Amino acid sequence: MHRQRCRVCGTPRPVARAARGDRRRRRRAAARGARRLPDRGRAGRPRVRTRRGRSRRGAAAQGADHRAAGRLRALDRAGQPAAPHPVRVRLAQAAALRGAVPARGRAARRARRRRARLGRGLGRRRADRRAAGRRAARAAAAAGDRRARRAARAVLRDAARRLGTRCAARAGRPGAGGVGDPAQHPGPGRAEAGPVSEDTSRALAAAIAPGRPRPEAALDVPPDAIAELARRHRVAPLLARRLDEAGLLGRLAPEARDGLRRAVLDAQLALSRLEAMAGPALDALSAAGVPAILLKGAALGTLVYGDPSLRPMTDVDVLVPDARVEDALAALDAAGFDVPDARTLAFWRRAYYNVPVARRDGLEATLEVHWSIAQRGRHAPDVDGLFGRARPAPFAGRQARAPGPADLLLHQALHLSYHYFEPKLIWLYDLALLFGEDPDEDPLWPRARAWGMAIPLALAVLAVERAFPGTVPERHRERAAAVRRARWLVRRLGDERSLGLFPRWSERRHQLVLALLTLDRPAAALRSLASWLARAARFGDRAGVAGRRREGVV
Numbered sequence: 000m001h002r003q004r005c006r007v008c009g010t011p012r013p014v015a016r017a018a019r020g021d022r023r024r025r026r027r028a029a030a031r032g033a034r035r036l037p038d039r040g041r042a043g044r045p046r047v048r049t050r051r052g053r054s055r056r057g058a059a060a061q062g063a064d065h066r067a068a069g070r071l072r073a074l075d076r077a078g079q080p081a082a083p084h085p086v087r088v089r090l091a092q093a094a095a096l097r098g099a100v101p102a103r104g105r106a107a108r109r110a111r112r113r114r115a116r117l118g119r120g121l122g123r124r125r126a127d128r129r130a131a132g133r134r135a136a137r138a139a140a141a142a143g144d145r146r147a148r149r150a151a152r153a154v155l156r157d158a159a160r161r162l163g164t165r166c167a168a169r170a171g172r173p174g175a176g177g178v179g180d181p182a183q184h185p186g187p188g189r190a191e192a193g194p195v196s197e198d199t200s201r202a203l204a205a206a207i208a209p210g211r212p213r214p215e216a217a218l219d220v221p222p223d224a225i226a227e228l229a230r231r232h233r234v235a236p237l238l239a240r241r242l243d244e245a246g247l248l249g250r251l252a253p254e255a256r257d258g259l260r261r262a263v264l265d266a267q268l269a270l271s272r273l274e275a276m277a278g279p280a281l282d283a284l285s286a287a288g289v290p291a292i293l294l295k296g297a298a299l300g301t302l303v304y305g306d307p308s309l310r311p312m313t314d315v316d317v318l319v320p321d322a323r324v325e326d327a328l329a330a331l332d333a334a335g336f337d338v339p340d341a342r343t344l345a346f347w348r349r350a351y352y353n354v355p356v357a358r359r360d361g362l363e364a365t366l367e368v369h370w371s372i373a374q375r376g377r378h379a380p381d382v383d384g385l386f387g388r389a390r391p392a393p394f395a396g397r398q399a400r401a402p403g404p405a406d407l408l409l410h411q412a413l414h415l416s417y418h419y420f421e422p423k424l425i426w427l428y429d430l431a432l433l434f435g436e437d438p439d440e441d442p443l444w445p446r447a448r449a450w451g452m453a454i455p456l457a458l459a460v461l462a463v464e465r466a467f468p469g470t471v472p473e474r475h476r477e478r479a480a481a482v483r484r485a486r487w488l489v490r491r492l493g494d495e496r497s498l499g500l501f502p503r504w505s506e507r508r509h510q511l512v513l514a515l516l517t518l519d520r521p522a523a524a525l526r527s528l529a530s531w532l533a534r535a536a537r538f539g540d541r542a543g544v545a546g547r548r549r550e551g552v553v
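Counting in numbering that gives the first Met the number 0, the sequence shown runs from 0 upward without gaps.
Straight-line C-alpha distance at most 20 Å; calculated EDC-like pairs for lysine to aspartate or glutamate:
# : residue 1 : residue 2
1 : K423      : E464
2 : K423      : E227
3 : K423      : E495
No wet-lab data here; the hints were simulated from the structure. Here the structure is a predicted model, which is why all the values come from computation and not from measurement.
Produce the complete structure using the sequences and hints provided.
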C-alpha cells in the first residue's frame, strides 16, 4: 500500500499497488503513446484476494471499469483531457455531452461534489414524482371534481415530460371511465375519444333503461357530451326515441339535437345498405341448399326490438354448418360477392371462426359468414343444436331464421365475454331485453354449463344489473350469485364506482389473463392458451389478424 493525492480534492489517500498485469498493460500503453487510463484499483471498490495472492476485481466491477475506460477513450478521441477519478469521469462525460469542459478550482470542485450528490438522489426523486402523480390521480378520481382532474392531468403530463414516461396512464389516469369512457379501453376497430365522466354514462343508461326509462336524466348532464356518448355506444336511436316520446327532445341544445338526428339517419342508411346486401346473400344460400341462421343484430332487431332501425349494425352475421362453408362461399361468389381464396380461407379457418365477404359492386356493407360462435378450444357451443332450435325471423324482406331465445341470449353473453366486459352500451341493452323476456332457467343455465360458459353468463347478469338495475329476473340473479368465481372476479378485479365491471383491464396482457379466468374448466384454459400461443406464433397477435382481415391476405 502507498499513499497518493486525490486529483480532485488533493487529499492523500491509500491506494493499493497495481497488480502485475495492470503495470504491464500501462507500460505497453505508454510505449504506444496512448493517454493514461484509470487504474482499476482506484475505482473505489475493494479488491478480491485470490489463492495465489494475486488481487483481482469482481466481474461486475470489472465490467463497470471497462465501460468507464471506453467512455474515457471516447473523450480522448474528442480532444477532452483525461479524468482518472470516478467523479471526474462522470462530470467529464456530462460536460462532453453539453459541449463544455469542466472548469478547475475550488468552486468547480464544490460544483462537482454537489452534482454527484444530486445524481445519487435522482432515482429517489423520480420515484417520488411518480408516486405524487399516482396519488393526485387517485384523489381526483375519488373526488370527481373537474378542476381536480385537470390539475391531476397537468401533474401527470409534467411528470411524463420530466421523467420521459411513455404514457401518463401508467402513472395513473385521473377518472375511472368504465363503460362510459371508450378512450381508456380502445378495442379493435374502436377509435380513441376524450374521457367521459361516470355521471354522463349513468345518465345515458337511466335515460334508455328498458321497462322504466327516465329520459329526464339526459337533461342533467351536458347535452353535447351525452349525444356524443350515445353515438359511440350505438344507442343514439334509442335515446332519440325516449326523448321524443317524453316530449323532451326539443329541450336539448340545437347542436346535441342535430347530432342525435344525424346519428338516427346514419343508422337508417346503414340498415338500408345492409338489407340490400343481405337479401341476395340469403337468396343465394337458400338456392344452394345451405342452411343459414341470422346472428346478433340482424336477429335482435326483428325479434327483440320490433324495429330494426333502433338496433344499429355494422355488418350482418350469418351462421352456416361447418361442413358447408365452402358451398356457402361458392354460392356467394356466384351471387356477386368477393370471397377469399383457398389460402386465405384456410388462414381464417385456423385463426378465427368467421370470414368477412363483401359485394364486388362496391356496396359499403359486409357479410360475416360464421361456422361457429366461439373460438376453438375456449368454449364448446352446440352448433348443430342451434340449427335444430332455430325460429323464423324475417329480415330484408326474406323469411330467414334466428337462434331460439336461450341460444340467442347465450350467444350475446358469449360475445360480451369476448370483448372483456368493456362493451358498448347497446350490447348490455340487448341482454337486458333478452332477460326481460324471462327465459326459462332450465335450458339456459344447464346449456351454459354444457357449453363451458357458466362464468361468462353470470358475469353478463352482473354487468346488466349494474347498468340497468332491476331488469334481470330474481331467479337468474340468484343463479348468477351462486357462481363463486364470477363474484370473486368482480370483487377482486372490478371497480364499484364504474358502470363497467372491469374498467382497468384495457391492456392486452391483462385481457388474456382475464379471458383465462373466465373459463369454466381448467382444461379449456390450457387449450385456449395453447391455441393462442400457436396462433400468435404463426400469424401474430390481434393486430396481425386485424391487418390480414382488412387486407384479405395471409
